[in-house]
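Sequential numbering of the sequence shown, starting at -14, is according to my numbering.
Because the hints were derived from the structure by calculation, they are not lab data. Treat the hints with care, as some may be off.
[As the list claims (entries may be wrong)] Below are the DSSO-like pairs computed for lysine-lysine, each with C-alpha atoms no more than 27 Å apart in a straight line:
#1 K4 / K90
#2 K90 / K171
#3 K82 / K38
#4 K165 / K182
#5 K90 / K(-7)
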Amino acid sequence: MLEYDYEKMYDSYLGIETKDAGWEDEGIPSECNRYEATPYDVLSVVCEQLHIKQTDCLVDFGCGKGRILYFFNNYFLCRVKGIEQDAGLYQQLEDNKAYYDVRFKERGSLVELYQMRAEHYPIAREDNIFYFFNPCSSEHFEEILENIVRSIEENFRIVNLILYYAADDYLQIVRDMGWKQKRLIKLPNYAEDTDEKMYIFQNPL
């Protein structure tokens, strides 16, 4: 009950509705993972340890209903972009943005939404933080990373990857491509589940 209340409290504060909806698998492509929001207690711990500036731009691949977007935008006042393929989730994402814009008018202008496959998103030169909570198959994840690397080659900048509850194949791909682990944040439930951690990787300088 306390955990649910914590989730409900943050949703209420942000003026959005992002809690999981029963783990439905219907209509989700096989290469995509079903919707599950990153818990607010995890986000609270992580944000206290991250140094994100207002000039940074965070992209969440497979953003679902937008919890990461609205929480990070509200906490850091940074620009955020959400990429979501599923039509049903995208509608809820847009609804949440409408509610968020009413409550946080100036901040809401920094939130951008895109309905498309993650690997088709054209990486912009201002995008420098990328968040992943296992949104897709390892093959598509590798495609996304290749797009990010290509963007860095065209417009060099420091880029960080944030991986929550990272799958082993994700970690292998990141390391094989030469990204350097910058931080490892152990989360509140780490003692019970050693996968409860957040990896921060940075591109080679």
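Here is how each hint holds up against the structure:
no.	hint	verdict
1	K4 / K90	holds, 23 Å
2	K90 / K171	violated, 34 Å
3	K82 / K38	holds, 22 Å
4	K165 / K182	holds, 17 Å
5	K90 / K(-7)	holds, 22 Å
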